[in-house]
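J.: Top line first, the protein sequences correspond to chains A and B. Going by this note's numbering, the first sequence opens with residue 1, and the numbers climb by one from there. Going by this note's numbering, the second sequence opens with residue 1, and the numbers climb by one from there.
These aren't lab readings, by the way, just hints derived from the structure by calculation. Careful, some of the hints might be misleading.
[Claimed, not checked] For lysine to any residue, the following SDA-like pairs were computed, each having C-alpha atoms within a straight-line distance of at most 20 Å:
(1) A/K169 with A/S185
(2) B/K169 with A/T237
(3) B/K136 with B/P266
(4) B/K190 with B/I172
(5) B/K169 with A/L240
(6) A/K124 with A/W157
(7) A/K158 with A/E77
(8) B/K136 with A/R210
(9) B/K95 with B/M60
(10) B/K190 with A/D242
(11) B/K131 with A/V171
(12) B/K169 with A/I246
(13) B/K131 with A/G207
(14) A/K159 with B/D196
(15) B/K131 with A/G204
(16) B/K169 with A/V171
(17) A/K143 with A/Y160
(18) B/K136 with A/W157
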Amino acid sequence: MKNKSIKYSIILPLVGLISAVMISCERGFSDDVELATFPTNGDIFIDDPVGLTDEFFTSFDPATGANTNGFGTDNNEVYEGSASIRIDVPAPNDPNGGYIGGIFKDRGEGRDLSGYDALTFWAKASTSAIIEVGFGSDFIEDKYAVGFGNLELSTAWKKYIIPIPDPTKLVQERGLFLFSAGTQSTNGASYSFWIDELRFESLGTLGQPRPRILGGQDQTAQANIDTSVPLIGLTYTANLPDGQDITVSARPSYFDFETSNPFVASVDDLGIVTVDGPGQGGDNTAIITASIGGVEAEGSLTIEAVDIDVISIFSDVFANVPVDNYNGFYEPFQTTLGGAVEENGNNIIDYTMLNFVAIEFYGRDGSGVEPIDATDMTHLHIEFRVNENVDAADYINMELHNNFTLPNGILGSYQISGTELLSNEWVEFDIPLSSFNGLTARDALGMMLFVTDNNIANLSIDNIYFYAEN
Amino acid sequence: MKTKILKNKLKSILICTVFGIGFMVLVSNCNPDETQNVTNFNTISMQDEFDVDGAPNPAMWTYDIGTGNNGWGNNELQYYTDRPENVVVEDGMLKITAIQEDFEGSGYTSARLLTQGLFEQKYGRFEARMKLPYGKGMWPAFWLLGANIDEISWPFCGEIDVMENGGSKPTIVSGAVHGPGYSAGNAIVKEYEFTDSRVDSEFHIYGIEWGPNYINYYVDDVLYNQITPEDVTGDWVFNNGPFFMIINLAVGGVFDGNPNENTVFPQTMYVDYVRVYSAN
Numbered sequence: 001m002k003n004k005s006i007k008y009s010i011i012l013p014l015v016g017l018i019s020a021v022m023i024s025c026e027r028g029f030s031d032d033v034e035l036a037t038f039p040t041n042g043d044i045f046i047d048d049p050v051g052l053t054d055e056f057f058t059s060f061d062p063a064t065g066a067n068t069n070g071f072g073t074d075n076n077e078v079y080e081g082s083a084s085i086r087i088d089v090p091a092p093n094d095p096n097g098g099y100i101g102g103i104f105k106d107r108g109e110g111r112d113l114s115g116y117d118a119l120t121f122w123a124k125a126s127t128s129a130i131i132e133v134g135f136g137s138d139f140i141e142d143k144y145a146v147g148f149g150n151l152e153l154s155t156a157w158k159k160y161i162i163p164i165p166d167p168t169k170l171v172q173e174r175g176l177f178l179f180s181a182g183t184q185s186t187n188g189a190s191y192s193f194w195i196d197e198l199r200f201e202s203l204g205t206l207g208q209p210r211p212r213i214l215g216g217q218d219q220t221a222q223a224n225i226d227t228s229v230p231l232i233g234l235t236y237t238a239n240l241p242d243g244q245d246i247t248v249s250a251r252p253s254y255f256d257f258e259t260s261n262p263f264v265a266s267v268d269d270l271g272i273v274t275v276d277g278p279g280q281g282g283d284n285t286a287i288i289t290a291s292i293g294g295v296e297a298e299g300s301l302t303i304e305a306v307d308i309d310v311i312s313i314f315s316d317v318f319a320n321v322p323v324d325n326y327n328g329f330y331e332p333f334q335t336t337l338g339g340a341v342e343e344n345g346n347n348i349i350d351y352t353m354l355n356f357v358a359i360e361f362y363g364r365d366g367s368g369v370e371p372i373d374a375t376d377m378t379h380l381h382i383e384f385r386v387n388e389n390v391d392a393a394d395y396i397n398m399e400l401h402n403n404f405t406l407p408n409g410i411l412g413s414y415q416i417s418g419t420e421l422l423s424n425e426w427v428e429f430d431i432p433l434s435s436f437n438g439l440t441a442r443d444a445l446g447m448m449l450f451v452t453d454n455n456i457a458n459l460s461i462d463n464i465y466f467y468a469e470n
Numbered sequence: 001m002k003t004k005i006l007k008n009k010l011k012s013i014l015i016c017t018v019f020g021i022g023f024m025v026l027v028s029n030c031n032p033d034e035t036q037n038v039t040n041f042n043t044i045s046m047q048d049e050f051d052v053d054g055a056p057n058p059a060m061w062t063y064d065i066g067t068g069n070n071g072w073g074n075n076e077l078q079y080y081t082d083r084p085e086n087v088v089v090e091d092g093m094l095k096i097t098a099i100q101e102d103f104e105g106s107g108y109t110s111a112r113l114l115t116q117g118l119f120e121q122k123y124g125r126f127e128a129r130m131k132l133p134y135g136k137g138m139w140p141a142f143w144l145l146g147a148n149i150d151e152i153s154w155p156f157c158g159e160i161d162v163m164e165n166g167g168s169k170p171t172i173v174s175g176a177v178h179g180p181g182y183s184a185g186n187a188i189v190k191e192y193e194f195t196d197s198r199v200d201s202e203f204h205i206y207g208i209e210w211g212p213n214y215i216n217y218y219v220d221d222v223l224y225n226q227i228t229p230e231d232v233t234g235d236w237v238f239n240n241g242p243f244f245m246i247i248n249l250a251v252g253g254v255f256d257g258n259p260n261e262n263t264v265f266p267q268t269m270y271v272d273y274v275r276v277y278s279a280n
């Protein structure tokens with residue numbers, strides 16, 4: 001101890017002396033030196049483009065149907081000053097392209113926007129219409145892209161505010177504005193809209209930051225070691241000065257991700273979760289969470305490291321095999337509607353008016369989809385959520401068909417009773433394939449049938465996969 | 001006006017000392033109207049810094065409990081309690097929390113604190129530093145009632161609303177007076193709008209300076225309204241006697257409407273301090 005304190009007491013003054021000497025030796029910056037910070041100008045278009053590329057507007061690829069003709073400025077229709085941006089949205093059958101959109105890029109190396117909290121502009125349209133806007137897209141990395149797909153334009157000038165999820169990230173941003181407009185909201189009728197006073201601003205009137213991952217849901221998944229799964233459903237909600245919430249999509253780079261158990265899973269800057277190992281002490285789960293600017297995001301992914309062989313029919317975690325459909329629509333006897341949908345950043349299958357429904361994967365109508373050889377699989381994993389009240393007498397009769405539509409076809413059945421299901425909550429099942437009565441072969445599974453006879457009319461299904469534990 | 005705004009800032013001896021010279025220069029440059037009423041409220045007469053964890057100091061605060069008549073006359077939805085879930089002092093703050101729960105027949109609980117019978121004062125500066133909840137249906141308020149309310153009833157006792165906010169308007173607060181002939185929907189009221197801040201993201205000081213024939217309304221160091229007998233459409237009942245303070249967080253009712261599906265619960269109103277000054 002004594003030695004230590006002596007050592008430090010000698011070193012510290014020495015360090016001070018050295019640094020003092022060094023400082024006194026160092027020359028100051030000359031006037032020619034440019035520090036590695038970037039312009040902080042927030043203006044994008046006031047009456048002219050401000051510091052944008054010569055093209056001003058960089059269109060989406062015309063090969064995707066983007067129309068490059070409808071972009072210009074207007075000296076008559078302005079909110080303030082002498083000019084506005086005018087965009088003519090083409091009809092879907094326009095030979096020059098059926099929609100219009102693109103980005104505005106900084107002409108230099110990018111701008112330091114960390115002093116602002118929002119992109120703002122005034123806009124109006126020749127008719128009520130919905131367009132998409134955003135920023136952070138430079139058509140190179142799009143690292144800090146933010147998008148809002150539901151901007152409702154009216155025929156009167158109105159100020160719009162798009163929040164920056166975490167301004168401290170935007171120290172060198174080239175992608176200053178993005179828009180994309182079609183005629184989906186106007187029944188195919190072309191229209192014009194105008195944008196004026198487009199800039200980044202420091203408002204101070206935004207509040208209640210609410211980042212979300214996975215649509216704000218707490219999800220669970222099993223995954224094999226050395227496999228990866230991307231976190232999706234990344235959004236950021238802020239409360240605007242008028243008390244209304246706005247929710248924008250936000251790229252993973254705005255988020256700080258965290259794993260609760262590095263022995264099981266890690267997560268990188270892009271929100272890719274990788275299962276690294278089986279865990280220690282029997283704990284094979286890791287909880288992945290995120291935050292923006294210190295504000296904890298709603299939603300989490302609890303990932304369980306497993307060692308299984310998987311043939312996945314429908315899952316966000318495993319690579320899915322091709323299928324013919326998630327609803328075979330057997331008319332006229334089938335009433336069931338629905339199929340695969342995205343629900344708050346989670347892909348699920350959602351059925352309504354369910355009497356029976358099939359997921360088909362046998363190559364219907366010459367589709368080329370191959371039947372599944374599940375001979376080496378031992379279990380079917382499947383998750384159900386009954387979107388109505390469940391009675392004990394309710395049931396889901398499942399069938400697996402081998403060599404479906406062929407003369408030697410067989411089927412195995414398995415019943416899930418209402419007592420095993422919950423109303424409006426997911427329930428996981430791991431069903432031994434040997435429990436499917438009558439399924440004497442499973443080398444060419446081609447169809448999975450769900451029969452409820454309308455006892456359960458509203459049913460969601462997720463994470464359907466065959467597996468075998470190694 | 002300038003002297004009043006400055007005088008408002010000059011609360012502590014320290015600040016007075018530092019800025020004393022500047023203050024005197026400004027005063028000497030100012031030629032106030034002969035009829036202007038200027039009173040300095042420099043003497044602390046009541047303060048609660050909410051530094052002791054637990055229930056609020058019972059020597060300073062009492063509670064309204066329940067739902068009153070017709071939701072405290074305003075169709076408010078909450079049941080007021082004094083439970084720690086709804087009112088507690090911690091982290092150097094008074095926290096009044098509105099909770100969505102079934103309680104005694106109401107769908108929400110919250111709290112309403114009063115100094116009635118414990119601290120009442122005529123004239124002075126009344127201020128609270130607060131951060132407010134947000135969301136439609138939130139109705140936080142800091143206000144004063146005439147201490148003679150039980151004898152002559154409302155609105156004859158007078159009511160001074162230092163600050164009210166509707167949770168659907170996070171940049172707007174208002175101050176008002178109610179009295180005979182100018183109560184409820186006919187109150188004398190003025191809004192203040194934050195242009196670069198919000199009520200729910202930052203603490204702000206909401207205060208009045210109340211003297212003979214005037215009430216001045218402040219947000220932080222901005223004087224945004226003065227109400228005098230000329231402004232009210234009835235008798236001026238604010239020279240008659242002492243008033244007591246109320247701090248509450250109502251849910252629903254006539255001010256901001258009822259909560260909707262976007263209103264997030266629970267919501268908390270944070271009070272850093274309440275300070276009352278009287279004239280020298």
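J.: Does each hint hold? Answer for all of them.
T.: Hints, verified against the model:
For the given pair, A/K169 sits about 34 Å from A/S185 by alpha-carbon distance, which is inconsistent with the 20 Å threshold. Annotation: proposed proximity of B/K169 to A/T237 holds, straight-line Cα distance about 17 Å (limit 20 Å). Between B/K136 and B/P266 the alpha-carbon distance is near 13 Å, which keeps this suggested pair within the 20 Å criterion. This hinted pair checks out: B/K190 and B/I172 have alpha carbons roughly 10 Å apart, not beyond 20 Å.
Pair hint B/K169 plus A/L240 holds up; C-alpha atoms about 9 Å apart against a cutoff of 20 Å. A hinted pair counts as satisfied when its Cα atoms are at most 20 Å apart, and A/K124 with A/W157 qualifies at roughly 5 Å. Taking the CA atoms of A/K158 and A/E77, the gap is near 13 Å; set against the 20 Å cutoff, the hint holds. Between B/K136 and A/R210 the CA atoms are separated by roughly 17 Å; this keeps the pair inside 20 Å, and the hint holds.
As the CA atoms of B/K95 and B/M60 are separated by approximately 16 Å, the hinted pair is consistent with the 20 Å bound. Distance check on the hinted pair: B/K190 and A/D242 sit about 18 Å apart at the alpha-carbon level, within 20 Å; holds. Only pairs whose Cα atoms come within 20 Å are accepted, and B/K131 paired with A/V171 is rejected, the gap being roughly 31 Å. Between B/K169 and A/I246 the alpha-carbon distance is near 15 Å, which keeps this suggested pair within the 20 Å criterion.
Our distance criterion of 20 Å between C-alpha atoms is met by B/K131 and A/G207, whose separation comes to about 12 Å. Our distance criterion of 20 Å between C-alpha atoms is met by A/K159 and B/D196, whose separation comes to about 16 Å. Only pairs whose Cα atoms come within 20 Å are accepted, and B/K131 paired with A/G204 is accepted, the gap being roughly 15 Å. About 32 Å separates the Cα atoms of B/K169 and A/V171, which puts this hinted pair outside 20 Å; it is violated.
For the hint pairing A/K143 with A/Y160, the CA-to-CA distance comes to about 23 Å; that exceeds 20 Å, so the pair is violated. Between the alpha carbons of B/K136 and A/W157 the distance comes to roughly 26 Å, so the proposed pair goes past 20 Å and is violated.
Comparing the model with each earlier hint shows violations of hints 1, 11, 16, 17 and 18; every other hint is respected.
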